[in-house]
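Chemist: Sequence:
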Amino acid sequence: STALPAGLQRRTLADLPSKHCHVCSRTGPKVPLVVCVNYYVNGGCRKAYCERCLKENGVDFDAAVRALTWTCMHCDGRCPRNARCKVYSVTSKRRHEATE
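Quick note on numbering: the sequence shown equals residues 1 to 100 in this note's numbering.
Honestly, the hints are just simulated from the structure, not real lab data.
This one's a predicted model, so the numbers in the text were calculated from it and none came from an experiment.
Think of the CB as a built atom: it goes at the ideal place given N, C-alpha and C, for glycine as much as any other residue.
Certain hints may be false.
[To be verified] Restraint ranges, calculated between C-beta atoms of paired labels, are given here:
#, residue 1, residue 2, range
1, 100, 19, 32 to 38 Å
2, 97, 68, 39 to 45 Å
3, 28, 98, 33 to 39 Å
4, 25, 94, 18 to 24 Å
5, 30, 80, 21 to 27 Å
6, 77, 55, 18 to 24 Å
7, 26, 63, 18 to 24 Å
8, 63, 16, 38 to 44 Å
Using the sequences and the accompanying hints, generate a full structural model.
Modeler: So this is what it looks like as structure tokens:
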């Protein structure tokens with residue numbers, strides 16, 4: 001592996017914001033997404049949300065994009081019940097219960 005110039009860090013896919021909506025999993029070049037401000041502040045959140053899901057949850061997509069301080073629903077502790085974290089949690093719980 002080659003050394004990076006001083007001050008630069010190698011980034012992995014895990015360091016980049018998600019390319020999928022956290023609620024509906026939609027992705028693609030025609031699906032506009034907004035990323036949580038915590039990704040830019042401290043890298044602590046990589047979640048992205050599409051315009052449709054934000055609108056369905058009472059969030060103005062354009063205002064979130066312009067704000068540069070928009071904190072996502074996950075970081076605010078108010079993910080909709082069909083968000084990926086909720087779905088994965090239920091699936092994991094069922095899987096765990098089935099192995100007991």
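Chemist: Taking the numbered hints from earlier one at a time, note which ones the structure violates and give those numbers from smallest to largest.
Modeler: 8
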